[in-house]
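Colleague: If you're matching them up, the sequences are chains A and B in order.
Numbered according to the numbering used here, the first sequence spans residues 2 to 217.
Numbered according to the numbering used here, the second sequence spans residues 2 to 217.
Read the hints as simulated data drawn from the structure, not as lab findings.
Warning: the hint list may mix true and false statements.
Just a few of them, taken from the derived set where beta-carbon distance is under 8 Å, the chain A residues facing chain B [claimed, not checked]:
# : residue
1 : M2
2 : R45
3 : T57
4 : I131
5 : E187
Covered by chain B, per the in silico footprint, the following chain A stretches (three or more residues, Cβ under 8 Å) [what the hints assert, rightly or not]:
#  : segment
6  : 3–10
7  : 32–42
8  : 134–145
9  : 158–172
10 : 193–205
No residue lacks a Cβ here, since even glycine has one placed at the ideal position from N, Cα and C.
Number of protein chains: 2
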Amino acid sequence: MSVYEAIARRRDVRNEFTGDVVDEEVLLRLLRAAHAAPSVGHTRPWDFVVVQDPATLARFASHVAGCREDFARSLPRDRAETFDPIVIDGIEQSGTGIVVTYDPARVAAPMCSDGTPSNETGRLSVALAIENLWLAATAEGVGVGWVSFYHNDFLSRLLSIPDDVEPVAWLCVGPVTGLRSVPDLEHFGWRAGRPLDAAVHREAYRDRDTAVSGEQ
Amino acid sequence: MSVYEAIARRRDVRNEFTGDVVDEEVLLRLLRAAHAAPSVGHTRPWDFVVVQDPATLARFASHVAGCREDFARSLPRDRAETFDPIVIDGIEQSGTGIVVTYDPARVAAPMCSDGTPSNETGRLSVALAIENLWLAATAEGVGVGWVSFYHNDFLSRLLSIPDDVEPVAWLCVGPVTGLRSVPDLEHFGWRAGRPLDAAVHREAYRDRDTAVSGEQ
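So that you can see chain A by itself, here it is in the shape it has in the complex (with noise of 0.2 Å):
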């Protein structure tokens, strides 16, 4: 699959996994694809945990279905009840979570930059890994989907990982039936998309208003 197609084509998976398990080549696969990122100082900051104990995604799921119910009464009367169809995860159903992990001990070497030094840029390089992996998958046919309703804490113990090393992401990815052709927080009215045009400026910021303006 091309890069565009697979750009294009990406989605944030939560409904269409088959309940298969990912062959473990394609894991193979789609894990050397997130090392082959750029890193800061190509420090590849980033650790895998591969998670494919059902017991440990029972465990999980359970607790971000915990989060969405928090997160549920906290929105208005309208906009939970446009939340309420909306899956959020399918830890259980893509019978693999990759949780992705950044180290910040591996991007010691201090920058010139202010206030986000070295250690931003370090985090950042995790999530050019993630966005690596999840266009390999589409071109494998499979699909990838970014929990983000969880507490590092408890996603922390439940794996071991040690203190100072921070979860960044739980990606569920597993084979899927197909890709929607729009995403799924457009299709239930969550979010309408943002246009390119208002996120483009030439030579210097232009005034947010302005630029926010084109927002359909």
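On the provided structure of chain A, position chain B as indicated by the hints.
Modeller: Quick look at chain B alone, frame taken from chain A:
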């Protein structure tokens, strides 16, 4: 170009820019690819400032050269000698800077996560967009180099970026003569590649010493 080929061929480019300016149609395809990245809550919290004014490029290049000197002076002698021949940017040679920013105000909804909640996943979303752009550029024969040596305050003033919007990256983007087969930082002996085996764990995070022991 296939996804896997782009992932394998992609490099952080500093030396190989031809001096030509990227074609406008190609530039738009790259921005569209970035904008198709996943983002937390489908918020697309990024903006892209395209900088092609030679005077602005020169001002930023001069600032980065100063930061490079500060960094070099901070290194022990042997590391300083290793660092000396390494070019860290192609700001003027590439002809185009794409400054990618993060607007935390777009990621307003609270989420269930300790410590680094929605705000952090917002910033990480911006990195996903950067990797999309980088891989699309690779497929187009266009090089990308992420400049890390600068002060955020300087860049914000240079491009009139509002105080509450964060510059995340300056990307040098331009046609290249070719891409190196080995990352510059490996080629010049700055850092060896960390093997994948050291980064992959099964079911739980292994002892970190063990995970690192395979490092080259």
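Colleague: Give a verdict on every hint.
Modeller: Consistency of the hints with the structure:
1. M2: holds (6 Å)
2. R45: holds (4 Å)
3. T57: holds (7 Å)
4. I131: holds (7 Å)
5. E187: holds (6 Å)
6. 3–10: With 6 residues in contact (Cβ-Cβ under 8 Å with chain B), the coverage given for the segment 3–10 of chain A holds.
7. 32–42: holds (count 9)
8. 134–145: holds (count 5)
9. 158–172: holds (count 8)
10. 193–205: Since 9 is at least three, the answer is holds.
Violated hints are absent here; each numbered hint is respected by the structure.
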